[in-house]
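Q: Below are the chains, spelled out letter by letter.
Protein chains: 2
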Amino acid sequence: MAVYTDVDDDQLAAFLAGYDIGGLAGYRGIAEGVENSNFLLDTDRGRYILTLYEKRVKKADLPFFLGLMQHLAAKGLACPTPIARRDGSLMGELCGRPAAIVSFLQGVWPRRVALSHCAPVGEALASLHIAGDGFALRRANALGPAGWRPLYDACAARADEVEKGLAAELASELAFVEAKWPKGLPEGVIHADLFPDNVFFLGDAFSGMIDFYFACNDFLAYDLAICLNAWCFEPDGQLNATKARRLVAGYAKKRALSPAELDALPVFARGSALRFLLTRLYDWLNHPPGAFVKPKDPLEYARKLRFHRGAASLAAYGIERTP
Amino acid sequence: MAVYTDVDDDQLAAFLAGYDIGGLAGYRGIAEGVENSNFLLDTDRGRYILTLYEKRVKKADLPFFLGLMQHLAAKGLACPTPIARRDGSLMGELCGRPAAIVSFLQGVWPRRVALSHCAPVGEALASLHIAGDGFALRRANALGPAGWRPLYDACAARADEVEKGLAAELASELAFVEAKWPKGLPEGVIHADLFPDNVFFLGDAFSGMIDFYFACNDFLAYDLAICLNAWCFEPDGQLNATKARRLVAGYAKKRALSPAELDALPVFARGSALRFLLTRLYDWLNHPPGAFVKPKDPLEYARKLRFHRGAASLAAYGIERTP
Numbered sequence: 000m001a002v003y004t005d006v007d008d009d010q011l012a013a014f015l016a017g018y019d020i021g022g023l024a025g026y027r028g029i030a031e032g033v034e035n036s037n038f039l040l041d042t043d044r045g046r047y048i049l050t051l052y053e054k055r056v057k058k059a060d061l062p063f064f065l066g067l068m069q070h071l072a073a074k075g076l077a078c079p080t081p082i083a084r085r086d087g088s089l090m091g092e093l094c095g096r097p098a099a100i101v102s103f104l105q106g107v108w109p110r111r112v113a114l115s116h117c118a119p120v121g122e123a124l125a126s127l128h129i130a131g132d133g134f135a136l137r138r139a140n141a142l143g144p145a146g147w148r149p150l151y152d153a154c155a156a157r158a159d160e161v162e163k164g165l166a167a168e169l170a171s172e173l174a175f176v177e178a179k180w181p182k183g184l185p186e187g188v189i190h191a192d193l194f195p196d197n198v199f200f201l202g203d204a205f206s207g208m209i210d211f212y213f214a215c216n217d218f219l220a221y222d223l224a225i226c227l228n229a230w231c232f233e234p235d236g237q238l239n240a241t242k243a244r245r246l247v248a249g250y251a252k253k254r255a256l257s258p259a260e261l262d263a264l265p266v267f268a269r270g271s272a273l274r275f276l277l278t279r280l281y282d283w284l285n286h287p288p289g290a291f292v293k294p295k296d297p298l299e300y301a302r303k304l305r306f307h308r309g310a311a312s313l314a315a316y317g318i319e320r321t322p
Numbered sequence: 000m001a002v003y004t005d006v007d008d009d010q011l012a013a014f015l016a017g018y019d020i021g022g023l024a025g026y027r028g029i030a031e032g033v034e035n036s037n038f039l040l041d042t043d044r045g046r047y048i049l050t051l052y053e054k055r056v057k058k059a060d061l062p063f064f065l066g067l068m069q070h071l072a073a074k075g076l077a078c079p080t081p082i083a084r085r086d087g088s089l090m091g092e093l094c095g096r097p098a099a100i101v102s103f104l105q106g107v108w109p110r111r112v113a114l115s116h117c118a119p120v121g122e123a124l125a126s127l128h129i130a131g132d133g134f135a136l137r138r139a140n141a142l143g144p145a146g147w148r149p150l151y152d153a154c155a156a157r158a159d160e161v162e163k164g165l166a167a168e169l170a171s172e173l174a175f176v177e178a179k180w181p182k183g184l185p186e187g188v189i190h191a192d193l194f195p196d197n198v199f200f201l202g203d204a205f206s207g208m209i210d211f212y213f214a215c216n217d218f219l220a221y222d223l224a225i226c227l228n229a230w231c232f233e234p235d236g237q238l239n240a241t242k243a244r245r246l247v248a249g250y251a252k253k254r255a256l257s258p259a260e261l262d263a264l265p266v267f268a269r270g271s272a273l274r275f276l277l278t279r280l281y282d283w284l285n286h287p288p289g290a291f292v293k294p295k296d297p298l299e300y301a302r303k304l305r306f307h308r309g310a311a312s313l314a315a316y317g318i319e320r321t322p
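Residue numbers (numbering that gives the first Met the number 0), protein chains in the order written: chain A, 0 to 322; chain B, 0 to 322.
The reader is advised that the hints may include incorrect statements.
Cβ-Cβ distance ranges computed for the label pairs, FRET-style [unchecked claim]:
no., chain 1, residue 1, chain 2, residue 2, range
1, A, Q105, B, A170, 55 to 61 Å
2, A, Q105, B, A16, 15 to 21 Å
3, B, A13, A, K253, 28 to 34 Å
4, A, F194, B, G91, 27 to 33 Å
5, A, G87, B, K293, 38 to 44 Å
6, B, G95, A, E53, 31 to 37 Å
DSS-like, lysine-lysine: derived pairs with alpha carbons at most 30 Å apart [unchecked claim]:
no., chain 1, residue 1, chain 2, residue 2
7, A, K252, A, K74
8, B, K58, B, K293
9, B, K57, A, K293
10, A, K293, A, K57
11, A, K57, B, K293
12, B, K57, B, K252
13, A, K182, A, K253
14, A, K57, A, K295
15, A, K293, A, K163
16, B, K57, B, K74
17, A, K54, A, K179
18, A, K54, B, K293
19, A, K163, A, K74
20, B, K58, B, K74
21, A, K58, A, K74
22, B, K293, A, K295
23, A, K54, B, K295
24, A, K293, B, K293
25, A, K58, A, K293
26, A, K179, A, K163
27, A, K295, B, K54
28, A, K57, A, K252
29, B, K179, B, K295
30, B, K182, B, K293
31, B, K54, A, K293
32, B, K295, A, K293
33, B, K295, B, K74
Chain B stretches covered by chain A per the calculated footprint, using a threshold of three residues with CB under 8 Å from any CB of chain A [unchecked claim]:
no., stretch
34, 17-25
35, 161-170
By construction, these hints were calculated from the structure, which means they are not laboratory data.
Glycine is no exception: its CB is placed at the ideal position from the N, C-alpha and C atoms.
Next comes chain A alone, as it looks inside the complex (with noise of 0.2 Å):
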C-alpha cells in the first residue's frame, strides 16, 4: 500500500511536455511499493509507469538503477525500460522528487508460490545475470555482508522484545557468515529483492520482472539464494526440496553453476535469510506507529535461517552436486 506524492494533473501533463509518448490520458495510483509512489500512466500514445522516487531511494543510485533496466531491456530481458526524455536522458523531477516513466509489463505475480513457477524464475534470473555482463556501472551491495552488522547493532538491544533469545542467536549467526563467506565465485549484476511480487506470468509462463532498486554487483549465486529462500519454503516454514531442485535446475539451464558456486549455496542461504531477517527486524522495531505500511514479519525469515542452520549439506535442499 503506497502512493506517497499525489500529482497533480496540470504538473503531470507539464512533466510529459518533456517526453514524445503523446498527451495525458489518465493515470491512477498504485497501491503497491512502500519505497516509492507509482502511477499507472496512459497516453494517447500507449500505456507506461510513472515512479516518483521518495527519500528511501538515493538520488545518486538512480543512473544506476534506471541504466540497468535500459541496458537490460536492450539485451531482450523482460523488464521495464525507461523512457528517455526529450532532452536524452532517463530522469526527470515533479512535485519536487526525482521522476520517470517506463514502460508497462503485463503479467500477474503469483500470490502463492506453485511448483510450476519455480523453473522458469531459476531461467529468467540466469537470464538477468547474463545480460547484465558490460553493463558499465558499479553498485555496491548495501545489504550484503559489510551491512550486517551495523543492522544487527541497531537492533540488538530490543531484538528479544520480538522473540526471546533472538538477540543471541543473530550474534551468533552473524559470527557464523562473517567467518564463511565464499570469496572469489563469479561476480556481476543480481537483483537482490526477486520475491514473487516482482515476478509477472502469464499463465504459467514468464512474463517478466520489475523493481531493480536493490540491484548492485555481487556473487551471482547468492542472488539465486534470495531466490531459494523467497520461492522454495511453504507457509508451514518448511523448505520444499522439489521446488528447490526446479529453482536450480531451472538457472542452470541457462547459466552452468560451478561446483563451488553449488557448494556456497548452503551458507549464501544462511546469509540471505540473515539479511531479511535483519532488515525486517529493523522496520518492525522503529515503523512509526499508524504508518500505511504495515511491516513484514521478521519471524518467517528466523524460521528459514534456523532451517539452513540444520541443513547439513546440499542433499538437504534436494540439490544434486553433480554437473
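Go by the hints and put chain B onto chain A.
A: This is chain B only, laid out in the frame that chain A set:
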C-alpha cells in the same frame, strides 16, 4: 487511498471464468476510493475496473447502482458499463465480497477546478438527469433532509470539539432547511456526489463520470446545488460567481431549469452544504485512530454554509432568473 481486500490471482482467474472477456493478463490495486476495493484489470481482450464492495455499501443497493450504470450507458452517457456475466447477472462474489467488473474510462479528474471545467460539468449533470428518465428501480436518498437530524443527533454533543459554537449553528441550520425545504419540484435519478474526483476530462472536454454509489431519486436541482458547492468555491472559501454562472448555464443548455427550480437553488445549496458538513463531521469524530483514510475537513463545508446563509438571492451566485 484504499484497497482493503487483496485479491489472490488464482481466485481472480476463477472469477473471470464466469465472464466472456478473455483471460487474466494483469491487475493492480488502485490507491483511490474510500468505500470499496478497486483494481485496474487487464485481460487479453481489454481493460476493465474490478470493484469489490466493502461493508459500507449495502448489498441490497447494488442492483440499483449497477442497473443504473447499465441504463445510463445504454442511453449514451459516458459512464462505466457493468459487464454481464455468462449467466446474465451483473455481479458475482470474490474473496467473500460482492464484486463487479465495469468498463474502463479514459480521462483525468481535475485536481484544481478551472473555469473551463464548469460548463461541461453542468452539461454532463443535465445529461445524466435526462438519461436517468425511465430507469425502473428507485432508491430513496438516505442522506437527504430526513437523514440529517439523526446525523446531527450523533454529532451534536461533540461538534464544539471541532469548532466552538458549531453545535448551535448546526441546530439552527437544520431547523431552517427542514422548514424551508422545497416541495413539488422535478424529481429523477441524481448522482448526489459529483465532486471533481468523479468527473474525467481529456484536455478541456468532459470524458466521463464515475462512482454512482450515492445515486438515488431526489430533486434534480438539488444535484446541481451539490455541484455548485463542489465545483464553484475557491480555496479561500469564496464562491466564484463566474464558475457558478457557467455551471448553471451549462446545465440549462441541456435541460431547462424552471423559475421555481432556480429559486430553490440557494436553499438546496444550503442543505447540500449542511449534508456534507454533517457527514464529514461524523467521520471526523468517529474515524478510528491510525486509519488509512484521512477524514476530510468538515469546516470547509461550514464556510460554504455560511456563504449561503449570507446570500440574499440568486444574484449573490451570479445567476440570473430570466430564462
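Q: Provide an ascending list of the numbers of those earlier hints which the structure does not satisfy.
A: Per hint list: 12, 17, 19, 28, 30, 33, 35 violated.
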